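J.: Sequence:
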Amino acid sequence: MVIEKQKDVIYTGHVAFEIFTIPMWSLCAQLCTRLSICKSVNFITLTKSCQINIAEPNCPTSCLSSSFGDSFVAASALPKELAGICKGHACNITEICVPKSKSEGYLCHPIIGYRIVPPKVHIPQSSYDGIFGQSVTLVCIVTSQLQLTDVTWKKHEGGSVSTIDPDDSGSFYRDGDVELPSLIILNVTLNDTGTYVCSASNKVDTRSSDTITLIVHSVPIVFVHQLSYNATFGSTVTFDCTVSTTTSSTITDVYWQKTNECQTKNISSTTTSSSAKYSGGTVNTPSLTIMNADGLDVSSYTCFASNIAGTGRSSASFLNVSAAVFPRDCSALHPLSESGLYRIYPSASVNFNVNCDMDTKCGGWTVFQQRFDGAYDFFRGWNDYKTGFGDLHKEFWLGNDYIHYITSSGQYRLRVELEAYDGSTAYAEYSTFSIGDSLSGYILNVSGYSGTAEDSFGYQNWMKFSTLDRDNDIASWDCAAASGGAWWYSDCYSSNLNGRHGIGDDRTGIVWRGFKGFSSLKASKMMIKRYY
Numbered sequence: 001m002v003i004e005k006q007k008d009v010i011y012t013g014h015v016a017f018e019i020f021t022i023p024m025w026s027l028c029a030q031l032c033t034r035l036s037i038c039k040s041v042n043f044i045t046l047t048k049s050c051q052i053n054i055a056e057p058n059c060p061t062s063c064l065s066s067s068f069g070d071s072f073v074a075a076s077a078l079p080k081e082l083a084g085i086c087k088g089h090a091c092n093i094t095e096i097c098v099p100k101s102k103s104e105g106y107l108c109h110p111i112i113g114y115r116i117v118p119p120k121v122h123i124p125q126s127s128y129d130g131i132f133g134q135s136v137t138l139v140c141i142v143t144s145q146l147q148l149t150d151v152t153w154k155k156h157e158g159g160s161v162s163t164i165d166p167d168d169s170g171s172f173y174r175d176g177d178v179e180l181p182s183l184i185i186l187n188v189t190l191n192d193t194g195t196y197v198c199s200a201s202n203k204v205d206t207r208s209s210d211t212i213t214l215i216v217h218s219v220p221i222v223f224v225h226q227l228s229y230n231a232t233f234g235s236t237v238t239f240d241c242t243v244s245t246t247t248s249s250t251i252t253d254v255y256w257q258k259t260n261e262c263q264t265k266n267i268s269s270t271t272t273s274s275s276a277k278y279s280g281g282t283v284n285t286p287s288l289t290i291m292n293a294d295g296l297d298v299s300s301y302t303c304f305a306s307n308i309a310g311t312g313r314s315s316a317s318f319l320n321v322s323a324a325v326f327p328r329d330c331s332a333l334h335p336l337s338e339s340g341l342y343r344i345y346p347s348a349s350v351n352f353n354v355n356c357d358m359d360t361k362c363g364g365w366t367v368f369q370q371r372f373d374g375a376y377d378f379f380r381g382w383n384d385y386k387t388g389f390g391d392l393h394k395e396f397w398l399g400n401d402y403i404h405y406i407t408s409s410g411q412y413r414l415r416v417e418l419e420a421y422d423g424s425t426a427y428a429e430y431s432t433f434s435i436g437d438s439l440s441g442y443i444l445n446v447s448g449y450s451g452t453a454e455d456s457f458g459y460q461n462w463m464k465f466s467t468l469d470r471d472n473d474i475a476s477w478d479c480a481a482a483s484g485g486a487w488w489y490s491d492c493y494s495s496n497l498n499g500r501h502g503i504g505d506d507r508t509g510i511v512w513r514g515f516k517g518f519s520s521l522k523a524s525k526m527m528i529k530r531y532y
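Here the sequence shown is numbered in UniProt numbering, starting from 1 and rising by one per residue.
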């Protein structure tokens, strides 16, 4: 039998497997005829090995290399008779035909331990949560000893199956091919929710991954049932809020935002659980209830809800509260009220007149000290500072008892406004302010500075009040007498706003050291505002 052989050429591009210790090339050629996958054969004389190739022999020159004494034969050039009884065998692509005998036929045995295997398709993650509008990469890892011929993705939804074509010019997909098997879905929408299967093929067979589940989530839909509410002073009002999602994603947080021209404040579930002012505003109860409504509650309110996709928000609902009949302080007045004198009711048994500043920083400030022209002497005794003195329209000290009544009824911030004789101004705000009762010496609690005047009040924190006839400071001398005023002296002060008016810099004037050192100031104003 004459078989055409190409000497000095070896086909190396697609060697499927190699068998050693083959005595002659004709047996190597016969092996090729018994494998349906074999397209060409090399016999290496030096090592007595047989290389079975699975690609067609007409590959580019780069697939071939020269090796003396070796033989390359195309399968198409091999006589069918070489296969013997296996001629026309029906073994599949991963099997080899083995003759039993001339009379008993043949067997098909799997080719084990060689590279004639289908690809392996692996997914490291079986489920993904996609965020509406973002991209998601479905990871597919393909390994194959043979060159891949195809990678495809299919989407299963309901009873239908669709093939994804990333090469489509209008496609919302990228990759998912032989070079990059993982599929990128661009700008996912709710329609992309479903199960996906990655398949890969080589010349042997096609294999598919397990299913990948993709759930696309969108931010919660937050709806308020009413855009405006009118509440009477002291009543309870509930903002109805409904939260829903288009998927099974869990709502992880609900909170409200209170907004007016002066501030934006979040009302969280932590706030509502520890406050007598609010209830609701939680995942289980999104609607927000405000108790004992007053002027401080006049604002816009917006409901927010969050899930894995992000945070959704409702339209704003505006709350208006009628004028206070018995306001507990100036904060309870309607924001549109004018500045001036009002009677307040910090408790059921206590009421008195105060000066309300309704213009500064959204109003609602209860003024307890005001100085600007020296009309009143502030170097006074304990009882005067206890009950107050002066004119609420002009210069005055409200009275330590009254300041205590107010600050013990809620949580208050302090604002101090200052003016120097050169016309310059500054302010200091403290997020926490209160004083104790007379038995405590009207002990000071102040902290949380912000502003432009520097902190010259924190130094006096936890000090008792001292006057010319009641020395409660911690100095070895009488700070009130030495400073010409009455204050929460320590040893002695960083501020002395009840000092003598008009004095230069002898340390007995109206002093805020962070603003103008020991130089006496022209004017000062101290006022408080409740924030619950």
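What the hints contain is simulated information worked out from the structure, not anything from laboratory work.
A portion of the hints provided could be inaccurate.
Stated by the list, open to error - Heads up, simulated DMTMM-like pairs for lysine to aspartate or glutamate below, C-alpha to C-alpha not over 25 Å straight-line:
(1) K464 x D478
(2) K203 x D177
(3) K203 x D240
(4) K120 x D205
(5) K522 x D505
(6) K464 x D506
(7) K203 x D192
(8) K277 x E261
(9) K258 x E429
(10) K154 x D205
(11) K464 x D384
(12) K386 x E454
(13) K120 x E95
(14) K203 x E261
(15) K522 x E429
(16) K155 x E179
(17) K464 x E429
(18) K522 x D437
(19) K48 x E104
(20) K87 x E18
(21) K361 x D437
(22) K361 x E261
(23) K155 x E95
(24) K120 x E104
(25) K154 x D129
(26) K522 x D455
(27) K87 x D129
(28) K277 x D253
(29) K265 x E429
(30) K386 x D422
(31) K277 x D357
(32) K203 x D253
(33) K120 x E81
(34) K522 x D422
(35) K100 x D167
(36) K277 x E429
(37) K265 x D384
(38) K80 x E95
(39) K522 x E419
(40) K464 x E454
If you're wondering where the values come from, they're calculated on a predicted model, not measured in any experiment.
J.: If you check each hint against the structure, which ones fail?
T.: Those not satisfied are hints 3, 7, 12, 14, 18, 19, 21, 23, 24, 27, 30, 32, 33, 35 and 37.
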